[in-house]
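Protein chains in written order, with full-length UniProt numbering: chain D, 1 to 446; chain R, 1 to 386.
Hints listed in this document are in silico derivations from the structure and should not be mistaken for laboratory results. Incorrect hints may appear among the rest.
Sample of chain R residues lacking proximity to chain D, with all beta carbon distances greater than 12 angstroms (derived) [unchecked claim]:
id	residue
1	Cys119
2	His190
3	Asp248
4	Gln286
5	Lys315
6	Pro360
7	Asp372
8	Lys375
Each computed DSS-like pair below joins lysine-lysine, with the alpha-carbon atoms no more than 30 angstroms apart [claimed, not checked]:
id	chain 1	residue 1	chain 2	residue 2
9	R	Lys315	D	Lys423
10	D	Lys446	R	Lys226
11	D	Lys423	R	Lys311
12	D	Lys100	D	Lys389
13	R	Lys64	R	Lys110
14	R	Lys226	D	Lys403
15	R	Lys226	R	Lys288
16	D	Lys385	D	Lys100
17	D	Lys423	R	Lys226
18	R	Lys315	D	Lys199
Fair warning: this is a prediction, and the values are worked out from it, not measured in the lab. Glycine included, C-beta positions come from ideal geometry on N, C-alpha and C.
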Amino acid sequence: MAAVSSMSKMYGLCFRAVRQTAGLKAYRLLQRRGFRVTVLQLQQTFDSSLEKPQFPGASAEFVDQLEFIQPNVISGIPVYRVMDRQGNIINPSQDPQLSKETVLNFYQKMTMLNTMDRILYESQRQGRISFYMTNYGEEGTHIGSAAALDPNDLVFGQYREAGVLMYRGFPLDHFMAQCYANADDLGKGRQMPVHYGSKDLNFVTISSPLATQIPQAAGAAYAVKRENTNRAVICYFGEGAASEGDAHAGFNFSATLECPLIFFCRNNGYAISTPTNEQYRGDGIAARGPGYGMLSIRVDGNDVFAVYNATKEARRRAVAENQPFLIEAMTYRIGHHSTSDDSSAYRSVDEVNYWDKQDHPISRLRHYMTARGWWSEDDERSWRKQSRKTVMEAFERAERRLKPNPELLFTDVYQEMIPSLNKQRESLWRHVQQYKEHYPLDLYEK
Amino acid sequence: MAAAARLFLRGTNSKLSIAPGSLGTTLLKLSPNCSSRTKTQRRHAAHFTFQPDPVPSQYGPTQKMNLFQSITSALDNTLASDPTAVIFGEDVAFGGVFRCTVGLRDKYGKDRVFNTPLCEQGIVGFGIGVAVAGATAIAEIQFADYIFPAFDQIVNEAAKYRYRSGNMFDCGNLTIRAPWGCVGHGSLYHSQSPEAFFAHCPGLKVVIPRSPIQAKGLLLSCIADKNPCIFFEPKILYRAAVEQVPEDPYTIPLSQAEILQEGSDVTLVAWGTQIHVLKEVASMAQEKLGVSCEVIDLQTILPWDIETVCKSVVKTGRLLISHEAPVTGGFASEISSTVQEECFLNLEAPISRVCGYDTPFPHIFEPFYIPDKWKCFEAIKKMINY
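Produce the entire structure from the sequences given, and follow the hints as far as they go.
Structural data, given as C-alpha cells:
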C-alpha cells in the first residue's frame with residue numbers, strides 16, 4: 001500500500017484509478033460519455049502573481065528540493081488475482097460467479113487449444129506443415145479476455161492469441177486450413193501458419209511485423225467510436241513488441257484521441273530468447289500507462305477469472321468513457337517461441353517445469369471446477385479422448401485437401417486486376433505450360 | 001524565408017498602410033555596405049513558369065483556386081458527402097502548415113478534422129486502423145521528407161492488407177497526402193520526391209498532380225479508390241499554380257497518363273512540377289531545333305500507364321524522362337527499362353533521363369542540382385543528333 005501511495009504522488013491523479021476501490025468520486029466526475037473536455041485544452045488565464053506554474057505543458061506545483069523521481073521496480077504495480085495457484089477463490093467478492101456451463105466452456109476451449117497445439121507442433125516436426133507457434137501457458141489470457149468481450153468487438157492480435165479465435169468459435173477446420181495453406185484457407189494460402197484472420201468473428205488477420213497492430217487498433221477504435229454502436233476494440237501484444245515505436249505511437253494516439261480501446265499485453269517473460277530484464281528497465285508495461293494518461297492494471301494472466309474481471313471492467317469503461325485501458329497480464333511462455341526455436345538454449349528446464357506443473361491456467365481452473373463438483377476424473381478422461389479425436393479428424397481432413405489454385409498468387413494485390421500484373425500472370429502460365437513437369441501442379445486445385 | 005516571402009506576397013494585396021518590407025529595408029539602408037538587393041542576396045526566380053490549363057466546362061461552375069485551395073475544395077467535398085471521412089495529421093486543425101485544411105474543422109467538427117501527436121508511424125498506423133474499420137481516412141504527412149517513419153506501416157501493412165488476409169480485410173479507405181518536391185530553398189528535408197521508394201511496393205497507388213484542376217480530380221479519385229493511395233502535392237505550386245477549378249466534385253481517372261501536347265520527334269515524360277519545365281522545353285525545342293515534342297504527364301506513378309508511354313515512343317522513337325529525385329533508382333529507370341523491353345526496335349536513340357544528381361537535396365546549390373530546362377534541352381539535342 002505504501003508503494004502505491006508514493007507512486008500516486010508521482011503520477012498524480014491518473015494513478016489512483018489503478019486501485020479498483022469505490023472511493024474515487026472526484027475522479028469519476030470528470031468522466032462522462034462523449035468527448036471529454038481535457039483540462040489542458042482550455043486556455044487558462046495567465047496570472048503571474050500566483051505562485052503556481054503557468055506552463056501549458058504540465059499542471060503541477062513548484063518544489064524547491066532537488067530530487068529525482070525514483071522508478072519503483074522492486075515493489076511495482078501489484079498483480080490482481082482472484083484464485084490462488086490451487087484454484088481457490090481468495091476474495092469471494094471477486095469471484096465472477098459464472099455459470100457452470102460458462103466455466104466448463106472456458107475449460108474445454110483452453111484444453112482444445114492445448115490439444116490442437118500439440119498436434120500441430122508435432123505435424124511441423126514431421127514436415128507436414130512448415131511452421132507453428134504454440135500457446136502453452138497463455139491459454140488463460142486468451143479465454144479470460146475473449147469471454148469478457150462482445151462478439152462484435154474488433155480484435156487486433158500479434159500471433160499468440162489463437163485461443164481468442166477459438167473462444168469465438170473459429171472451427172478447427174479453419175485453423176488447420178490456414179496452417180496447411182490449403183484450398184479451404186480463408187487467407188487463400190498467402191501467409192505462414194498461425195497468421196489467422198476471420199472477418200465473421202471480427203478478428204483482424206495477423207501479420208508478422210510486431211506491434212504494427214497497436215496504432216491500427218487506435219484508429220479502428222476511433223472509427224468505431226464515431227459509429228456510436230457501443231463497440232470496443234482490443235489489441236493484444238507481447239512485452240517484447242511493447243518496445244517498438246509503434247507501441248508508443250498507439251498508446252499516445254489512443255489517449256489523446258480518446259479511443260474506446262483495451263490494450264492487452266501478454267507479459268510472458270521472453271521475446272524469443274530475450275528475457276524481460278533485457279527488454280525493459282522500468283516496472284514492466286503497466287507502469288508505462290500512466291505516462292500516457294492511461295488507466296492501467298497488472299493481472300495474473302494464469303488466473304482466468306482475474307483476466308476476465310479486468311477485461312470486463314476495462315471494456316465497460318472504455319466504451320462508456322471513451323478512453324483506453326492498459327491491462328498487463330503476467331504469464332509465462334511454457335513452449336518455445338516457435339518451431340524454429342529451442343528454448344533450452346537460453347532457459348532451464350526447471351524454470352519451465354515450475355510453470356507447467358505449479359502455475360498453469362488450465363490446472364487452476366480445473367481445481368476450481370473439481371472443488372465445485374463440476375468436473376470429475378471420468379469427465380477429464382473422456383473429454384481428453386473426445387477433443388483429441390476431434391482435432392485428429394480435422395487434421396486428417398486438412399492433410400488430404402489440395403492447395404489453392406495458383407491463380408490466387410495474383411489476385412487481391414489491388415481490389416481490381418491491373419494490366420501489368422495480368423501480363424505477368426499470363427507469362428507465368430505460359431511458362432508453366434512449357435515446363436510443367438518442374439512445377440508441383442498436382443498438389444494445387446485447377 | 002518562406003514567412004518573409006508570404007508576407008511580401010500578401011503585402012501586395014493587403015490594405016495595410018505600412019508596407020511589410022519597409023522596416024527591413026530601412027535597417028538595411030542604415031548599413032553603408034548593404035543595399036536592399038545585393039547581387040549575392042537576390043533570390044533566384046522559379047525554374048519554371050506555371051501554365052494553367054483551359055477552364056473545364058464539363059464539371060459545372062468554376063472558381064479561381066490555387067493548388068492548396070483546390071485541395072481544400074476536394075477535402076470539403078469529401079467531408080460533405082461521406083459522413084465517415086476524417087482528416088488528421090500534424091497541425092491540420094488550424095488549417096495546416098500549407099493551409100490545405102483551412103476552415104474544415106469549423107465546418108465539419110473537431111471529431112472529423114483533428115491534430116494527432118507528432119508521430120508519422122502513428123499517423124499512418126492510425127489511418128490504417130480507421131480504414132480497416134470501414135471509415136474514410138485521409139492522413140496528412142507534413143512533408144514527404146518525413147514519411148519514412150511510416151514506411152513500415154505503408155509497405156508492410158497498408159499495401160499488403162488485402163492480399164495477406166485473402167480479401168477479408170483491406171485499407172482501401174486510406175489516402176495519405178504529403179507535400180512533395182523542390183521549393184527553391186527546402187534543402188535536404190523539405191524538398192524530397194520519394195515516389196520511387198513506394199513505386200517498388202505492390203498494393204499501393206502513388207499519384208502526383210501537376211496543377212489545381214488535376215489535383216482536385218486526382219485526389220478525389222484517390223479517396224474513392226478502394227486501394228491505399230499516396231498523394232504527393234508539389235509544394236512549390238501551392239500558391240504559384242492558379243486555375244479555374246470546378247467547385248463540385250469530379251474525378252480524374254488513375255493510371256491514365258495524359259498527353260498534354262502531341263508531337264512526332266521526341267516523347268517527354270514527367271509528373272508534378274517538372275511538367276511545366278518540360279512544356280517550356282518543348283517550345284524551346286520547336287523554336288530552336290524544329291523538333292516536335294510529345295509531352296506526357298504520367299500522373300499515376302504506380303500503377304503507371306505503360307500503354308500510353310509505349311505507344312508514344314513507338315511513334316516518336318525517342319524518350320526523355322525527367323524528375324527531381326536522384327537519377328539512380330529513380331522512377332525514370334523503371335520507365336526506361338520497360339520501354340526498352342517493349343519498344344527496343346523503335347528506338348532511334350538511347351532513352352534519356354534528366355534527373356537530380358545522386359546527392360542529398362542541397363540548399364544553396366539547388367539551381368545547379370535541379371533538372372532545369374537547359375539540361376532537358378541539351379538532352380533533346382543529343383538524342384536528335386545521335
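Results for each hint:
Distance to chain D contradicts cysteine 119 (chain R) as a non-interface residue, since its nearest Cβ pair spans about 5 angstroms, not more than 12 angstroms. Listed as a non-interface residue, histidine 190 (chain R) keeps its Cβ farther than 12 angstroms from every Cβ of chain D; the least gap is roughly 23 angstroms. At the 12 angstroms boundary, the C-beta of aspartate 248 (chain R) stays outside the reach of chain D, the nearest C-beta of that chain being 26 angstroms off. Its beta-carbon lying about 33 angstroms from the closest one in chain D, glutamine 286 (chain R) satisfies the requirement of being farther than 12 angstroms from that chain.
Against chain D, the non-interface label of lysine 315 (chain R) holds: every CB pair exceeds 12 angstroms, the least being about 20 angstroms. Chain D leaves proline 360 (chain R) outside its interface by the beta-carbon criterion, the shortest separation being 24 angstroms against a cut-off of 12 angstroms. Its beta-carbon lying about 32 angstroms from the closest one in chain D, aspartate 372 (chain R) satisfies the requirement of being farther than 12 angstroms from that chain. Even its closest Cβ contact with chain D, about 30 angstroms, leaves lysine 375 (chain R) beyond 12 angstroms, as expected for a residue assigned away from the interface.
Taken as a hint, the lysine 315 (chain R) and lysine 423 (chain D) pair is honoured in the structure, with Cα atoms around 23 angstroms apart against an allowance of 30 angstroms. Proximity of lysine 446 (chain D) to lysine 226 (chain R) is assessed by CA-CA distance (about 29 angstroms); at most 30 angstroms being required, the pair is judged to hold. Between the alpha carbons of lysine 423 (chain D) and lysine 311 (chain R) the distance comes to roughly 17 angstroms, so the proposed pair stays at or under 30 angstroms and holds. For the proposed pair lysine 100 (chain D) and lysine 389 (chain D), the alpha carbon gap of about 24 angstroms is at most 30 angstroms, so the pair holds.
Under the criterion of a C-alpha separation no larger than 30 angstroms, the hint pairing lysine 64 (chain R) with lysine 110 (chain R) is consistent with the structure, at around 28 angstroms. Our distance criterion of 30 angstroms between C-alpha atoms is met by lysine 226 (chain R) and lysine 403 (chain D), whose separation comes to about 28 angstroms. Note on lysine 226 (chain R) and lysine 288 (chain R): the hinted pairing is violated, with a Cα-Cα distance of about 46 angstroms set against a maximum of 30 angstroms. Restraint check for lysine 385 (chain D) and lysine 100 (chain D): satisfied, since their Cα atoms lie roughly 21 angstroms apart, inside the 30 angstroms limit.
Our distance criterion of 30 angstroms between C-alpha atoms is met by lysine 423 (chain D) and lysine 226 (chain R), whose separation comes to about 22 angstroms. With a C-alpha separation of about 50 angstroms, the suggested pairing of lysine 315 (chain R) with lysine 199 (chain D) is violated against the 30 angstroms cut-off.
The structure is inconsistent with the numbered hints 1, 15, 18, although it conforms to all the rest.
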